[in-house]
Amino acid sequence: MRPPEIENSTEEERREYIKNTFRCIADCDMCGLCTVFRGKDPEVAYADYINGKRVYLDASKDYR
Numbered sequence: 001m002r003p004p005e006i007e008n009s010t011e012e013e014r015r016e017y018i019k020n021t022f023r024c025i026a027d028c029d030m031c032g033l034c035t036v037f038r039g040k041d042p043e044v045a046y047a048d049y050i051n052g053k054r055v056y057l058d059a060s061k062d063y064r
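Heads up, the sequence shown is in the working numbering, so the first residue is 1 and it goes up one at a time.
I should point out that these hints are in silico values taken from the structure, not numbers from a laboratory.
All figures in this text were calculated on a predicted structure; none of them were measured in a lab.
Honestly, I wouldn't trust all of these hints.
[Stated by the list, open to error] Cut-off 30 Å, straight-line C-alpha distance, at most; resulting in silico cross-link-like pairs (DSS-like, lysine-lysine):
#1 Lys40 <-> Lys61
#2 Lys40 <-> Lys19
#3 Lys19 <-> Lys61
#4 Lys53 <-> Lys40
#5 Lys19 <-> Lys53
Generate the whole structure from the sequences, applying the supplied hints.
Spelled out as structure tokens, the structure:
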């Protein structure tokens, strides 16, 4: 599933996309999300995208 475009989505739709895409499975050795986002919650890492300030790909580049 593609991330919702900022122009065609609400803040809540973007937040739900991030929550569903980066779900914590409570097993850091298997998941690795904590390492990828440097200990940040994905909603914090993608706050600019959720708030409509940056597109998804630009926000993702911060964590490559």
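* Asked: Lys53 and Lys40: Cα distance at most 30 Å?
  -> 19 Å, holds
* Keeping to a limit of 30 Å between CA atoms, is the pair of Lys19 and Lys61 held or broken? -> 18 Å, holds
* To do: Would you check the hint for Lys19 and Lys53, treating anything up to 30 Å between C-alpha atoms as holding?
  => 18 Å, holds
* To do: Verify the proposed pairing of Lys40 with Lys19, using a straight-line Cα cut of 30 Å.
  => Within the cut-off at roughly 13 Å; holds.
* To do: For the pair supplied as a hint, Lys40 and Lys61, confirm whether the alpha-carbon distance does not exceed 30 Å.
  => 15 Å, holds
In summary, the structure agrees with every hint in the numbered list given earlier.
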